[in-house]
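Given chain A, put chain B in place with the hints provided.
Here the protein sequences line up with chains A and B, keeping their order. Heads up: the first sequence at position 30 corresponds to 29 in numbering that gives the first Met the number 0, and the numbers run straight through without jumps. Heads up: the second sequence at position 408 corresponds to 407 in numbering that gives the first Met the number 0, and the numbers run straight through without jumps.
Source of the hints: derived by calculation from the structure; they are not laboratory data. Treat the hints with caution; some may be incorrect.
To be verified - Computed footprint of chain A on chain B; a stretch qualifies when at least three of its residues, placed anywhere within it, have a C-beta under 8 Å from a C-beta of chain A:
id	region
1	242–248
2	311–322
3	410–423
4	625–632
Note that the structure is a prediction, hence the values are computed from the model and not measured. The C-beta atom is built at its ideal place from N, Cα and C for all residues, glycine as well.
2 protein chains.
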Amino acid sequence: MKNNIKNLFYPKSICVVGASAREKSIGYEMLHTISHFHYKGIIYPVNPKSESLLGYRSYKSIDEIKDPIDLAILVVPKHSVDCSIDLLIEKGVKSYIVITAGFKETGKEGEEIEKEIAEKVKRAGGRLVGPNCMGVINTHNEIKLNATFVAEEPHSGQTGFLSQSGALGAAVLNSLRETDIKFGHFISVGNKADINENDLLYFWEEDDYIKTLTFYLESFVDGLGFLKPFITGEITKPTIVLKAGKTSSGAKAASSHTGALSSSDKVVNSLLRQFGIIRVNDINEMFNTAKGFENFPIPKGNRIAVVTNAGGPAILAVDTLEENNLALAQLSNETKQKLSEIVLADGSIENPIDLLPGADAAAFRKVIEITAQDQNVDAIISIFVEPVMVRPFDVVESVNEIKSEKPIFQVDMPLPEFWDKYRESSKKHLPVFRNPEDPAPVISNMLFYAESRARMKKTFEEYKELLELKTKTEYDFSPGFLSQQNIYKIADDYKIPILKNRIVTPDKLNSIEQNLFPVVIKGINKKVVHKSEMNAVKLNVKNPEELKAAAIEISKNFKSAGFEVEEFLIQPFIDLKHEVLIGGFRDPSFGPVIMFGAGGKYVEVLNDTAIKSAYLTNYDIDDMIDSTRIGKILKGVRGESSSDIDGLKQIIKSCSKMMIENPNIKEFDINPVLIGKDNKNYVADIRLKWES
Amino acid sequence: MKNNIKNLFYPKSICVVGASAREKSIGYEMLHTISHFHYKGIIYPVNPKSESLLGYRSYKSIDEIKDPIDLAILVVPKHSVDCSIDLLIEKGVKSYIVITAGFKETGKEGEEIEKEIAEKVKRAGGRLVGPNCMGVINTHNEIKLNATFVAEEPHSGQTGFLSQSGALGAAVLNSLRETDIKFGHFISVGNKADINENDLLYFWEEDDYIKTLTFYLESFVDGLGFLKPFITGEITKPTIVLKAGKTSSGAKAASSHTGALSSSDKVVNSLLRQFGIIRVNDINEMFNTAKGFENFPIPKGNRIAVVTNAGGPAILAVDTLEENNLALAQLSNETKQKLSEIVLADGSIENPIDLLPGADAAAFRKVIEITAQDQNVDAIISIFVEPVMVRPFDVVESVNEIKSEKPIFQVDMPLPEFWDKYRESSKKHLPVFRNPEDPAPVISNMLFYAESRARMKKTFEEYKELLELKTKTEYDFSPGFLSQQNIYKIADDYKIPILKNRIVTPDKLNSIEQNLFPVVIKGINKKVVHKSEMNAVKLNVKNPEELKAAAIEISKNFKSAGFEVEEFLIQPFIDLKHEVLIGGFRDPSFGPVIMFGAGGKYVEVLNDTAIKSAYLTNYDIDDMIDSTRIGKILKGVRGESSSDIDGLKQIIKSCSKMMIENPNIKEFDINPVLIGKDNKNYVADIRLKWES
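One chain only, chain A, in its complex shape (with noise of 0.2 Å):
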């Protein structure tokens, strides 16, 4: 099966079926891009009309090809795939990439057509890519696949580019020539009927071409899926994500054009980031971090020397290193010093190094070599704007030369001409930025890789034992909201510490020991979920009289809402300092998900929660806890003493094992876990849903 996605980049032979000779038609256009970037294995056009393409021999129908056929790409009438498939399958082809557009993203009717297709590929043992996709493109030196209607030359380079939009990859090869983006594998997905962002996952990572993995993505196939491999460590290589659809919106847009449900951002992002895969924000960022993977070496730490010629752009460059976690090196005296024999007075040799604009080449490259050997830099941006006197191309390529084993990213701001120059004439062609911008988040991003690869490493042990979890069977709860006893049941069996609670019938009040006072009282009606809104709950409840007053006004607060009071819930008062919130749910693609934050009536506007995927270790925890300002607070402001931050890590640990281990969970929520001023950790009570 594998051989068969491999060889959608490696065929040794091809099939068109649909190749035409009509100028701009796809079937032309797909086999006159194959032709120009001059693949090197066979090409077989199919088209029951010609004898020739474009100087290839061109077959009536599939039957007539004798030799094997690795790939075919189909570029026929939709009415025409599913046929032209039986016969392929017929002749033995296992790889398929389906250009043709109308199946799923049109509606109920394609949508059927286009499942059958892939189970039919699926059981002769095939693997298919899109339909309604515009490639794939393979530039090492010994196949020189470009099978997508671009006719652009890309350079080869060791990104693989998988895209779930057509246009989107189209705009990106539109712009290869200005943006200088380099590929080893672009692969357009199209409506993934069978492979998948998933299955490439795999392949690259076995792939020894690929260095980097960027994906551009509206919608995940199988989320869980796609996390599932970096969590157990078999994904090592660097993995860029892109995913539209980040607003409401957008959402709501990329799930009208990819037919899949979509799972809130917050979602997407915190676990992504949890298990060290890179979101970027844009498709700039996607590629300049690509960039920088495969031309520099990862910087050993934070702290980022500015090199310039150029004050206000080096400002600016400076101001993108906090917003993306950096520091501003502080340079050795010893640094100053040397630096100060080359840098005119005028400049500065404080970070940012300020050359004035007269630095040439040289003082360019002696600066550079000199700030890089400093201990107390890891990495250096190196901003260069092009005055009259000095030529850009010098400067770059004398930079490029600097042996290092710190990376030195380059910003130049030249005329025009320069780009065109550097393309055709760089020695070395290390990428070169077009903003000051620009290196702040590629390096970030690369020490985001290396720090979550190293502390993911540590924590596998963790990891395995949460992915071994096998699914509970005994609870047989009805599907609904969980009734008090069997939240009690599931509470004591996951050993999350809910208080010992009464719940007596209204005529029974009489019946609370002296000893529990005092004690808060709730009126409780199973159709009531909110029950601060309804007045259904008094505070430190003192003693019995208190207590049947109490319960008066609450039955009263029911009934001019409508309701009947069934049951009163009679706890332990605590005397309270914090009230937090741990709750989760089980994302339709994500699978289950852990929420941490600020809890009480106040959870939406004050916005202070952290989501994580259950999979989640001690530090998972921890990093959950202090992403929040309640999490802060509870470590203690001021000299304040910290709440017993070990018990809250515990009940969120008995909570992830809980939804990990019962897929009924719906979702779940502990709101408020009550803090009280004798830093403990109280479970008032947890609204469970449960499905069947």
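Chain B in isolation, oriented as in the chain A frame:
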């Protein structure tokens, strides 16, 4: 005087002092650039050694020139600047551009020489740009002055561009052919010894050639002076600011580069916004926005339709809408009906409208015309990715020809050839954006400008009242934190409802009357500022016995921290619902500033404060309250009653008046303003620092 600024851009004659025959020298390049751009006035080069330069008759000294000189440009070595200026003053020149560097930016000595020169010019009734700058440009057809050393030929537009950084100006000029940025005027102000951003505000407001003002700034010479003409309505043109030094590292770099004290970025950001000045994040957004104002009508609302042949890029565009406070328009049924007759069945007539890759110029034009007629649409973003079968030039030109009172922003993602062709052959030459993310911030900035203008016109009387406030001289406080007595005095004068407290020495505790209970007791020692860290406060003290016990404990706490309790403060105890903060300080550049937000001891962690200039209207105060989480909570969440917001606003208003009338107040804070369960606002204490 005004004329002397005008002559910087509209001189009939200029002399270039220090013009040179040596290529690549500044003295040569300046003269060459002026000549190359075909300046329409008369040029007088001055050089002690040349008879002629670049074909111009050259003068050995300034006094050799007998004709009148409107503008002198100095490119002499720094030691010659002073005496050149003397000679020019003698000759009666009133407008100066000093290109030469090596003044304030190099230290104390340079700063003093710079000051002298500037004062000399001022005394002679002249105005001076620089030093350490790169000149000016005026693209006006009757002037055609490019007095910089970047020999590009900027296309004429209606944007005024001021750059504090010469290098950034150069970088922008270098990029003109690629970015298609157009100027009316460009000015590099360098060290701003005389002419600065505030001068240009007034000058450009009156200059008919300029429609949009753009500023790259690293510091404000006089922030309040920059804001005031917006408050008074003197500046009406769209004004866009790119302020570098956003982060603390960036601010440090900017301040060491410019030698100016920097305001916190939160102040800069909030105050520019308060008065309708557009703050942008980078160079691209600045000039994209200027292009927006210059070429498109301002939309009437925020409902955007996206028309595209490319699903993926359209989703990326939609994602940027929400982030910029824009909405995806709901198309009317009538529109959808009409669209369904043009758009292919496999496309989408829902917004974003997807025409599929085959859509040609006619289809784009027709669909956009229909969409522009929809009452629910305020602006259109058209996104075109070049496919093989349609020429981008035709699409862009055809959309450019649409007549509509609504703006239509085009994004094109073509093969690189398009850009040259468009630059050379387009008839209307409207801007075309390169990224699907580009238009949303532009539209958002245009709307922000229009809405701010409309709002500020309405509240002008409120602003005027504040601007007319006189400085109070009656207070004769000694510098430092005010005593409790003086706090009472100023609070009473400004009707800030401070709680009536008792201050008693430890031996007079029994003088507290019974009817004051329950009370709060605080220990006071003038050296102790943050009371809560010392456990110096006891709440809800119910009777004289409890009071005595509390006093003993507080005294103990003070002692263990090495202090004595000097006095006790006794206040009524408020049954607390919330704590908010009202504060203020005097920014070195922007003057009096007011803060509002979440109060109490978690202020820093909660980080929930809004900031405005003390020159604030009712609208501004509401905006401040609404932009904080605590503000939303005060207004009532989940059926809670609102606290007394009007009362709170009154306190904020009183505080701003106090800040404006008393320039001696360096800072003050009321933390907390107590919001009781009775929804009333209580001020327990004010911390106020007085400066002489």
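Tested hints:
With 6 residues carrying a beta carbon less than 8 Å from a beta carbon of chain A, the region 242–248 of chain B meets the three-residue requirement, and the given coverage holds. Figure legend: the region 311–322 of chain B, annotated as covered by chain A; annotation consistent (10 residues with Cβ-Cβ distances under 8 Å, at least 3 required). Under a criterion of three residues with beta carbons nearer than 8 Å to beta carbons of chain A, the stated coverage of the region 410–423 of chain B is upheld, 4 such residues being counted. Coverage of a stretch by a chain is defined here by at least three residues with a beta carbon nearer than 8 Å to that chain's beta carbons; for the region 625–632 of chain B and chain A the count is 3, and the condition holds.
In summary, this structure violates none of the numbered hints.
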